[in-house]
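Residue numbers (the working numbering), protein chains in the order written: chain A, 1 to 424; chain B, 1001 to 1495.
Worth double-checking, as some hints may not be accurate.
[As the list claims (entries may be wrong)] Each computed SDA-like pair below joins lysine to any residue, with the alpha-carbon atoms no more than 25 angstroms apart:
#1 K1189/B x R1013/B
#2 K1491/B x I49/A
#3 K1491/B x Y206/A
[Said to hold, decoys possible] To spell it out: a stretch of chain A is covered by chain B in this simulated footprint if at least three of its residues, at any positions, have a beta carbon under 8 angstroms from a beta carbon of chain B; those stretches are:
#4 94-101
#5 349-359
Keep in mind that the hints were calculated from the coordinates and are not lab data. In this text, a Cβ means the ideal position worked out from N, Cα and C, and glycines have one as well.
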Amino acid sequence: MIEHRCDVAVVGSGAGGLAAAVAAREAGAREVLVLERDNILGGILPQCIHTGFGLEIFSEDLTGPEYIHRFVARALELQLPTALNTMVLEITSNRELYAASPEEGLLKIKAGAVVLAMGCRERTRGALAIPGTRPAGIMTAGLAQRFVNIEGYMPGERIVVLGSGDVGMIMARRFTFEGAHVEAVVEILPYIGGLIRNKVQCLDDYGIPLFLEHTVTEILGNMRVTGVKIAKVNEDLEPILETGREIACDTLVLSVGLIPENELSEKLGVEMDSVTGGPLVNELMETSIPGIFACGNVVHVCDIVDNVTQMGLVAGKSAARFALEGPAETEPRIRLRPGENVRYVVPQTISAARLAEAPLPLHLRVARPDENVRVSIVAGRRCIFDSREKAVAPGEALIASIPTSAAEFLAQVDELQIDVQQVK
Amino acid sequence: MISRNGNTRKQRRERVQADVVVVGAGIVGSAIARRLSRYRVRTVLLEKHSDVCMGTSKSNNAHIVCGADCPPGKIETEIVVRSNSSYDRVTEELQVPYKRIGTAYVAIKDEEVRKLEAMQEAAAKNGVAGTRILGRDEILEIEPRLTGETRAALWVPHDGILAPYELGVALCENAAKNGVEIRTGCEVKGIDVENGAVGRVICNGTTVQTRVVINAAGLFADEISAMVGWDDFQLYPRRGEFYILDRKCRFLVNHIIYPLPGPITRGATICPTIDDNVLIGPTAVDVEDKRNTGTTREGLREVITGVQRYFPEIRPSMGVTQYAGLRPAGADDFIVAAHPEVRGFINAAGIRSTGISACLGVAERVEALLSEQMELRAKPDYNPFRERARRFGSCSPEEQDSLISRNVRYGRVVCRCETVTEQEILEAIYRVPRACDLDAVKRRTRAGMGRCQGGFCTTRVMSILSRELGLPMEMITKKGPGSEILKRPTKGASR
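Can you build the whole structure from these sequences, using the hints too?
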C-alpha cells in the first residue's frame, strides 16, 4: 500500500473541489492533492454545455466547460497534483484517506486537512415510487445529459420530463435541438423547481408544454417505455386519477431533485443537517470534526455554480490554515435558526470573533414562494440585517449578509433567527 | 434474418441433440439442470429471456423457508421441509451468501396471541421442530423497533435469506461448468410427440431432438404442459409488490418478521436482505396478464401501510426501488410427476411462491422420476464447487491493495454506490451464463443497484459491454432485445 502525505486533500474536482484546491495552495499550503474518481477533472461541468455559468464571479456568461476550464488551468499553473480515476473509499476522523486507483493500487493518504467536495446525485424513480413497469427509457436528467453531450447519443425521440429542475428544463431544450419531441414537462408543485430564466429560455421559447400541479401516475411498456399516465394533483399532492390521461412517449426523464452525496461524510461521522442533507458547517466551512471541511453541493444543493465556487474558496483557505497553523481557537458558536418561511440556512453556525474581519454571507432557502417579503436576521429583539425582496421561491436561494458592525453585539448572543415575512 | 443488402431470407433452423431438455431457467429449472449435470446426460437448459432467472425467481421475498406455515398434507410442504437442510450444503458449494436469520410471526391482537400455539403445532405436524413462542419482552429484545403493541411471537429459527438471482446464476454457472448447455433467448413453441414419446422441441430458430422434456416453465408451465396434452391445470399470475429500502434503514430490522398469515397469503413481510438493504412486501392480487410486472399505486401503498402496523417508523421515502413479481397460482399443489401416457415428459409445475425454498427438493424428485426413464450414470469428473467472484467493496484494505496490484481492473471503480470494479463486471460478462445487458450485469455484481440506481455507472457499464461484446452502443440493452437504451447518434457526432 502506497502512503502519501499532504497538507490538504480535496475529495472531488468539480467547481467546489478545484476552487478549494486553488485557494488552499494560494493560502500557502504546499502539498494540495486533488482526488477525482473520473478520468478528467471538472466533475459534472464538462457535460453542462449550456451557458449561464460565471455571471456572478466573472461577470461573463460562460458554458460549463469554459467555466471549469478556468479553474483547471489555474490548478495546472499552480502545479497542483491531481489523482484521476481515484475513488476515495474511506476517510477517518484523524484525516487519513483510503482510495483505489488502477495505477497506484490502494492509496493511504495522511492529510493535514480534508475538503469534502463530492457534489450531489440525482433523485431517482425509486425514491418517488412511481408505479408501473420497469422498461428501458427511464433516466435521470443528468444521465440523459451525459448520453447526449458526452457520449453523443440520443436516448429517445418522444420525451416526457418529470420535474422542473434546471437540468430537466435545460435537457428539454437540448432534446429539441437534437430533433426529438418533448411532449411535456410535468411538475407536481404549483411552481417550477428551477430558475425562472431557465423556464423562459428552455421551455417558453420552444413551446414546450409545462403542466404544473401534475404528476406521472404510471409508467407503461414492458421492454421500452411506450407512454406515461399523468394526472392533476390535489392540495396534498395526491393525484386526482379522474383527471388522468396518457401521453405516448419512449422516454421519461426525471428532474426531481438533487441529493448531496455524503456517503463518505456519514461513514466518517460528521454531524449532518437533516434538511440540507449535508454536513453542518461553520463560516469556515468546517464540519463538526476538526480539520474536515466541506463545500459546494455536498453541503447544500446550490442553484448556480458561482456559489459552489465561493464556498470552495472559503473551504480551501480554511483547510490550508488548519493544516499550517492547527485548529482555530474554539470560541462560542452562534447557532443560526431558520425561522418564518426559511427551510435552511448555511452555514449553520458562525463565530462572532471572525465576523470582525469581513461581512459574512448566509445562504438561505425559503420553504414556499412568496411576494413582497422582508428578509431579516434577528437576535432576541434586535434586528441586525433587513432587506426587501419582490419575490422569493424555493428554487432560488437568497443571500443575507451579516455586517461587520454587528460583531460586537453578536459576542453576547448564542442564537440568531432568520425570517422571510410578507410585508403588509 | 436481415441480410446485408436488406433482403429477408429464411434462417436455417439450428438443430441440437439432447438427452434431456429443461424448459425454463428460473430457480427450479436451474436447480434441476445442476442436479442432472452430475450424470452422463446431455442436458440443454432453454430460457426464453435474455438471461437466466428473469421471471418470478428474481422478484420474490428472497426467503428460504423451512415450511413451518406451509399447508399440511401437500407435496409442496413435504418437499420444502425435507429439502431445507440441503440449502446449507448447496450454498456452501456454490459460495452463495445465505443466512439463517429466523422468522418471527408477530401477534398484536388478543386473538392473534391465541393462534400462536396452533401455528406452532401445525409447524410440528409439518415436521418443523425447534420453534418457540416468545413473550413480549423476548421478541422486543431481538427486534427493538417493533411496535410497542407487540404481544408475543412465534419464533422459527431455521428460515433464511439469500439473493435468489445469485442462487439462480450460481446454479446455472455450476451446471454449465459440468457440461449443461444453456440457451437463452430460446422460447419453446411446440413439442412433438412421436409414438407416445417426446421427440423434438421446437423453439424460435432452434429444434432440439431429445428423449426427455422437463417442464420448469414457472408461470407458463401450464402452456408447456398443454403442448403434450396434459392440460388439467391452469396457472394465473398472483401479483406481489415489494419495496427495497435504503441500507441506512438496515438497523430497523434483524429478522424476517411476518404478521400472522391470513386466509389467502402470508401477508407482507419485513426483513433484511442478504446485501443489507431492507425488503418489505408482498401484496397478493390475482391478475390476468402473465407479462405485466408493473407496480401499482394501491399496491405500493398497501405494502407501506401493512408494514407500518409493525414498524411504525417505515416511510415510503426510505425506498430505493420497487418491483412486482408474478407468482403462479391456480394449482392445488406442486405437480412434480411424469406424464402418465407420453413417455419422456416430466412436469415440475405449479411451483408457487415457495419455489425458491423448494427448488433443491424439486430437483431431487425430478432426478428420481428421470431415473425411471433413463439410466443415470455418474460423471467421474463432476465438480459441485463454484467460486464466487471477488467483491472488491467487501474486501479489507490489504486485500484490496493486493487485488489491484495483481489486476489493475480492480482499481477502476465503476459503480460508486456499491463499489463495483471493472474486473467484477468483466467476470459477469465472461462467466457462463454470460451477462450481456445492464440488468444481467446488475444482478451479478450489484452495479446500478444502489442509491443512485445507475445514474452514474450506466454509461460506464454500457461502454464496457459495448467493448467486450463488440457491439455498438445503440445495441446495448437493459434486459434483452427491444430494451435498447439509446436511439441514435446526436447530430454530427463523430466516432
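Structure versus earlier hints - violations, ascending order: When the structure is compared with the hints, only number 5 turns out to be violated.
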